[in-house]
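K.L.:
Line by line, the protein sequences give chains A and B.
FYI, the numbering for the first sequence is 1 to 428, going by the working numbering.
FYI, the numbering for the second sequence is 1 to 342, going by the working numbering.
It should be emphasised that the hints constitute simulated quantities derived from the structure, not laboratory data.
One or more hints might be untrue.
[Claimed, not checked] Straight line, CA to CA, 30 Å or less: simulated DSSO-like cross-link-like pairs of lysine-lysine: (1) Lys216/B <-> Lys271/B; (2) Lys270/B <-> Lys341/B; (3) Lys178/A <-> Lys420/A; (4) Lys20/A <-> Lys6/A; (5) Lys271/B <-> Lys341/B; (6) Lys199/B <-> Lys7/B; (7) Lys216/B <-> Lys178/A; (8) Lys52/B <-> Lys7/B; (9) Lys271/B <-> Lys178/A; (10) Lys25/B <-> Lys271/B; (11) Lys270/B <-> Lys407/A; (12) Lys7/B <-> Lys25/B; (13) Lys270/B <-> Lys199/B; (14) Lys407/A <-> Lys271/B; (15) Lys216/B <-> Lys407/A.
[Stated by the list, open to error] Some residues of chain A that are not near chain B, with every Cβ distance over 12 Å (derived): (16) Phe21; (17) His46; (18) Met48; (19) Thr81; (20) Ala234; (21) Ser253; (22) Phe254; (23) Glu330; (24) Asp346; (25) Val349; (26) Gly386.
[Said to hold, decoys possible] Cβ-Cβ distance ranges computed for the label pairs, FRET-style: (27) Gly386/A <-> Ser101/B: 26 to 36 Å; (28) His15/A <-> Gln132/B: 33 to 43 Å; (29) Gly422/A <-> His245/B: 36 to 46 Å; (30) Gln132/B <-> His13/A: 54 to 64 Å; (31) Ser101/B <-> Thr393/A: 17 to 27 Å; (32) Gln132/B <-> His385/A: 51 to 61 Å; (33) Gln296/B <-> Gly422/A: 46 to 56 Å; (34) Thr56/B <-> Ile39/A: 34 to 44 Å; (35) Asp78/A <-> Val42/B: 35 to 45 Å; (36) Thr56/B <-> Asp25/A: 32 to 42 Å; (37) Ser285/B <-> Gln417/A: 27 to 37 Å; (38) Trp404/A <-> Arg211/B: 51 to 61 Å; (39) Ser285/B <-> Met413/A: 16 to 26 Å; (40) Gln296/B <-> Gln417/A: 26 to 36 Å.
Positions of the beta carbon are idealized from the N, C-alpha and C atoms, including for glycine.
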Amino acid sequence: MEQSTKDNLAPLHLHIPEPKFRPGDVADFSDIIVPEVDIHPRPDEHVMPADIHALAYGLVRVLGDDHQATGSWNPGLDNATLQVMLRKMLLLRAFDDRMFRAQRQGKTSFYMKSFGEEATSVATTMALHSDDMCFPSYRQQGILITRDYPLVDMMNQIYSNRGDRLKGRQLPIMYSAKDYGFFSISGNLTTQYPQAVGWAMASASRGDTRISAVWCGEGSTAEGDFHNAMTFAAVYNAPVIFQVVNNQWAISSFSGFAGSERTTFAARAIGYGIAGLRVDGNDALAVYAAMQWAANRARNNGGPTLIEYFTYRGEGHSTSDDPSAYRAAEEYAQWPLGDPVTRLKDHLVTIGAWSDAQHDALIIELSEYVKTIQKEAEQNGILGHGLHHPFETMFEDVFEEMPWYLKEQCAQMLEEQQDKFGPNWEAR
Amino acid sequence: MSAPATKTMNMIEAINSALDIMLAKDPDVVIMGEDVGYFGGVFRATAGLQAKHGKTRVFDTPISECGIIGVGVGMAAYGLRPVPEIQFADYIYPGLDQLVSEAARLRYRSANDFICPMTVRSPFGGGIFGGQTHSQSPESLFTHVCGIKTVIPATPYDAKGLLIAAIEDNDPVVFFEPKRIYNGPFSGYYDRPVEPWSKHEGSAVPEDYYRIELGKAAVVREGEAVTVLTYGTMVHVVKAVVAEHGIDAEIIDLRTLLPLDIETIEASVKKTGRCMVVHEATRTSGFGAELAAQVQERCFYHLEAPVERVTGFDTPYPHSLEWAYFPGPVRLARAFDKIMKD
Chain A
1 MEQSTKDNLA PLHLHIPEPK FRPGDVADFS DIIVPEVDIH PRPDEHVMPA DIHALAYGLV
61 RVLGDDHQAT GSWNPGLDNA TLQVMLRKML LLRAFDDRMF RAQRQGKTSF YMKSFGEEAT
121 SVATTMALHS DDMCFPSYRQ QGILITRDYP LVDMMNQIYS NRGDRLKGRQ LPIMYSAKDY
181 GFFSISGNLT TQYPQAVGWA MASASRGDTR ISAVWCGEGS TAEGDFHNAM TFAAVYNAPV
241 IFQVVNNQWA ISSFSGFAGS ERTTFAARAI GYGIAGLRVD GNDALAVYAA MQWAANRARN
301 NGGPTLIEYF TYRGEGHSTS DDPSAYRAAE EYAQWPLGDP VTRLKDHLVT IGAWSDAQHD
361 ALIIELSEYV KTIQKEAEQN GILGHGLHHP FETMFEDVFE EMPWYLKEQC AQMLEEQQDK
421 FGPNWEAR
Chain B
1 MSAPATKTMN MIEAINSALD IMLAKDPDVV IMGEDVGYFG GVFRATAGLQ AKHGKTRVFD
61 TPISECGIIG VGVGMAAYGL RPVPEIQFAD YIYPGLDQLV SEAARLRYRS ANDFICPMTV
121 RSPFGGGIFG GQTHSQSPES LFTHVCGIKT VIPATPYDAK GLLIAAIEDN DPVVFFEPKR
181 IYNGPFSGYY DRPVEPWSKH EGSAVPEDYY RIELGKAAVV REGEAVTVLT YGTMVHVVKA
241 VVAEHGIDAE IIDLRTLLPL DIETIEASVK KTGRCMVVHE ATRTSGFGAE LAAQVQERCF
301 YHLEAPVERV TGFDTPYPHS LEWAYFPGPV RLARAFDKIM KD
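With the hints as constraints, model all of the structure from the sequences given.
P.N.:
In structure tokens, the structure reads:
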């Protein structure tokens with residue numbers, strides 16, 4: 001090209017996404033469109049993905065501003081089931097509060113709360129069969145709580161103590177519970193996506209009836225694993241449910257760094273030709289209904305579904321994070337979709353199946369219950385206070401059988417302990 | 001009892017036989033990869049297996065190594081025994097996180113709650129004018145990872161027995177197949193006629209099931225003057241050079257790089273007092289560095305010369321200058337001269 005022509009071109013510029021609010025700003029979410037309940041009615045579970053593109057851009061809701069459950073997505077749960085759902089979400093919240101405090105008290109190294117996102121792990125799990133396989137990310141402790149996994153085992157893992165089923169090897173909250181249909185949490189993000197597809201493919205190839213469900217955050221949809229998993233699931237029509245918990249924040253990076261300025265995360269499904277649903281993630285009944293729809297579809301050989309739960313991370317990423325350093329303080333209070341526990345409670349009260357007094361009493365009961373379990377767990381030790389699994393367990397389970405060089409290294413490590421602690425150190 | 005029926009097989013046929021036997025023996029075995037299904041693989045390792053065992057046992061995949069290996073981890077978590085093929089070792093990198101952070105650590109991080117009995121097969125190595133993306137030898141990336149076994153056969157007989165053992169192993173195995181010797185043992189003299197496997201004793205392969213234990217090396221030539229530690233294609237190149245120059249070398253085919261057969265290595269080096277390590281992979285931080293370190297830690301006072309490394313150069317694998325890159329007869333002869341003089 002001639003130089004003179006080039007001189008007439010406008011300079012290119014690079015777009016760096018910026019969230020709407022930073023510390024000191026007043027959070028104003030009036031631009032977020034909260035559609036009416038049932039703006040996109042529940043389609044038949046055998047629908048062609050191409051016929052429901054609107055659902056990938058809409059917002060499935062069941063609970064209206066009047067706290068009533070209405071519309072075609074209403075799962076019609078009985079009062080007892082709704083009370084169980086509320087109880088599980090409150091137990092999760094009580095557990096999170098207690099374990100967050102334990103970290104602040106120096107009893108462990110790390111914790112992550114799911115405050116504000118409780119519906120996306122509790123209501124989803126309730127809509128699955130108890131033997132369906134869950135491939136969680138790191139903020140789905142609600143799955144274990146919903147499936148009645150012993151809280152003391154969760155705490156033992158968090159404390160990395162001698163009762164820890166994972167032998168103190170994993171960062172706190174990276175649980176594994178095969179018997180409860182809960183896959184080992186990696187810590188590397190979205191690696192569980194293709195694994196969930198593989199599990200579902202295996203189930204289908206065996207003529208099994210179980211399906212798999214997998215969770216990730218909106219930030220980690222940017223990982224290649226997400227897209228590889230979507231391709232495989234589409235190619236083999238795998239009975240898997242992909243879930244994106246869009247809580248707006250990936251540590252300090254807002255969802256724009258995963259592409260939210262242009263489209264929804266549910267709409268990622270469209271390019272793969274799979275069903276996509278965008279759901280009010282703070283509406284426990286909508287979350288339940290979406291998962292139930294996707295599970296029925298998968299179980300009837302209808303293939304995969306991608307569900308985006310539009311929600312908000314109410315607190316920091318983890319105990320190592322201070323969100324006041326990068327986002328406006330009042331964002332959660334201003335969040336237009338409210339709080340999932342409060343909304344479910346308001347619904348139950350409105351239909352006459354619950355009361356404020358019962359609610360307050362349950363919060364106290366669960367808090368006391370968690371404290372009791374915590375005392376039990378601490379009998380097994382807390383991190384760094386000596387009550388851990390035996391030293392030599394460090395070398396176990398690298399392989400099924402320990403090879404010669406690990407035996408050598410184990411012997412070396414035990415000698416080091418003797419140098420460090422003196423004779424009879426094992427008795428200490 | 002009569003000896004089991006053997007058949008002359010090249011390495012591809014032996015691998016195909018191992019896969020066929022394991023598909024028939026164990027309903028949990030599943031084979032997947034790019035072009036492995038109807039077509040039978042670009043190197044024909046899975047030829048005929050889909051027609052015989054069905055489409056849900058042997059099937060094609062999207063071109064996504066991360067997906068292939070990640071799906072394999074999930075299948076293993078379900079209880080299957082996946083045997084994915086990565087078409088060239090050079091393509092394995094998109095799947096590396098799934099191998100290193102997932103497959104390799106699953107047993108450990110879950111304290112035996114979940115395991116990953118997966119065998120990743122992949123043709124590796126050069127000498128086929130494959131250029132820098134069809135010739136690499138990335139084995140040391142995997143031996144460096146705790147929780148993966150790394151296996152490399154050098155004959156059809158070993159390929160079949162080791163592959164069956166790898167598939168039956170309850171931990172993840174990376175099984176690198178030296179593609180230069182799929183059809184015949186390569187002497188390193190690229191300008192000479194290719195020798196077929198039928199002239200090599202390693203091509204007599206039992207038709208039935210047998211296994212060769214992982215972690216056991218093979219002494220392929222006994223000798224007194226120098227120990228050569230090698231594997232894959234280079235086993236045959238070293239044998240040819242040793243024969244041509246009349247060197248009384250003890251040649252050890254490692255067969256399994258991890259776990260390493262340290263007893264066989266130590267006994268041999270203490271006997272000969274000299275040690276050469278030979279691989280086609282790049283030199284710096286290659287597996288030869290680990291071998292040299294192990295030998296000097298265990299045999300230092302028996303050594304009469306420094307451990308010699310004969311390897312590929314630290315460049316990407318070149319295309320037109322392949323034979324200047326390859327650690328062939330000239331480089332080996334110079335190394336033998338050096339180590340025997342010291």
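K.L.:
Each of the hints needs a verdict: does it hold here or not?
P.N.:
We went through each hint and held it up to the structure:
Simply put, Lys216/B and Lys271/B have alpha-carbon atoms about 19 Å apart, close enough for the 30 Å limit, and the pair holds. Taking the CA atoms of Lys270/B and Lys341/B, the gap is about 18 Å. The hint holds against a cut of 30 Å. Pair hint Lys178/A plus Lys420/A does not hold up; C-alpha atoms about 38 Å apart against a cutoff of 30 Å. For the hint pairing Lys20/A with Lys6/A, the CA-to-CA distance comes to about 36 Å; that exceeds 30 Å, so the pair is violated.
For a cut-off of 30 Å, the pair hint linking Lys271/B to Lys341/B stands: about 18 Å separates their Cα positions. Distance check on the hinted pair: Lys199/B and Lys7/B sit about 13 Å apart at the alpha-carbon level, within 30 Å; holds. With a CA separation close to 34 Å, the supplied pair Lys216/B and Lys178/A exceeds the 30 Å bound. Only pairs whose Cα atoms come within 30 Å are accepted, and Lys52/B paired with Lys7/B is accepted, the gap being roughly 20 Å.
A threshold of 30 Å between alpha carbons decides the hint, and for Lys271/B with Lys178/A the separation of about 50 Å lies outside it, so the pair is violated. At roughly 43 Å between alpha-carbon atoms, Lys25/B and Lys271/B are farther apart than 30 Å, so this suggested pair is violated. Proximity of Lys270/B to Lys407/A is assessed by CA-CA distance (about 23 Å); at most 30 Å being required, the pair is judged to hold. Of the pairs offered as hints, the one joining Lys7/B and Lys25/B holds, with about 20 Å between alpha carbons and a cut-off of 30 Å not exceeded.
A C-alpha spacing of about 33 Å is found between Lys270/B and Lys199/B, which places the hinted pair above 30 Å, so the restraint is violated. This hinted pair checks out: Lys407/A and Lys271/B have alpha carbons roughly 26 Å apart, not beyond 30 Å. Proposed proximity of Lys216/B and Lys407/A is supported: the alpha carbons are some 17 Å apart, at most 30 Å. Every Cβ of chain B is farther than 12 Å from the Cβ of Phe21/A; the closest lies at roughly 34 Å, confirming the non-interface assignment.
The Cβ of His46/A sits about 23 Å from the closest Cβ of chain B, beyond the 12 Å cut-off, so the non-interface label holds. For Met48/A, the shortest C-beta to C-beta distance to chain B comes to about 22 Å, beyond the 12 Å cut-off, and the non-interface label holds. Non-interface status of Thr81/A relative to chain B is upheld: no Cβ of that chain comes within 12 Å, the nearest being about 30 Å off. Some Cβ of chain B comes within 12 Å of the Cβ of Ala234/A; the nearest lies about 9 Å off, and the non-interface call is violated.
Listed as outside the interface, Ser253/A is consistent with that label: its C-beta sits roughly 20 Å from the nearest C-beta of chain B, beyond the 12 Å cut-off. The beta carbon of Phe254/A is kept farther than 12 Å from every beta carbon of chain B, the shortest such distance being approximately 25 Å. For Glu330/A, the requirement that its beta carbon stay farther than 12 Å from each beta carbon of chain B is met, with the minimum near 38 Å. Distance check on Asp346/A: its Cβ is at least 39 Å (rounded) from any Cβ of chain B, clearing the 12 Å threshold; non-interface status holds.
The Cβ of Val349/A lies farther than 12 Å from every Cβ of chain B, with a closest approach of about 41 Å, so its non-interface assignment holds. The Cβ of Gly386/A lies farther than 12 Å from every Cβ of chain B, with a closest approach of about 20 Å, so its non-interface assignment holds. A beta carbon spacing of about 30 Å between Gly386/A and Ser101/B agrees with the range 26 to 36 Å that was offered as a hint. The hinted range of 33 to 43 Å is satisfied by His15/A and Gln132/B, whose Cβ atoms lie roughly 35 Å apart.
Taking 36 to 46 Å as the suggested C-beta distance range, the pair Gly422/A and His245/B does not conform, at roughly 58 Å. Distance hint check for Gln132/B and His13/A: the Cβ-Cβ separation is about 36 Å, which falls outside the suggested range of 54 to 64 Å. Checked against the given bound of 17 to 27 Å, the beta carbons of Ser101/B and Thr393/A, roughly 21 Å apart, stay inside it. For the hinted restraint 51 to 61 Å between Gln132/B and His385/A, the CB-CB distance of approximately 53 Å keeps it satisfied.
Distance hint check: the CB atoms of Gln296/B and Gly422/A are about 33 Å apart, inconsistent with the given range 46 to 56 Å. In this structure the supplied range 34 to 44 Å holds for Thr56/B paired with Ile39/A, their Cβ-Cβ distance being about 41 Å. Under the hint 35 to 45 Å, the C-beta atoms of Asp78/A and Val42/B, about 58 Å apart, miss the expected range. At roughly 55 Å, the beta carbons of Thr56/B and Asp25/A sit outside the given window of 32 to 42 Å.
For Ser285/B and Gln417/A, the hinted distance range of 27 to 37 Å is satisfied, since their beta carbons lie about 31 Å from each other. The given range of 51 to 61 Å is broken by Trp404/A and Arg211/B, whose C-beta atoms sit roughly 20 Å from each other. For Ser285/B paired with Met413/A, a C-beta distance near 25 Å keeps the hint of 16 to 26 Å intact. A C-beta distance of roughly 28 Å is found between Gln296/B and Gln417/A, which places it inside the suggested range of 26 to 36 Å.
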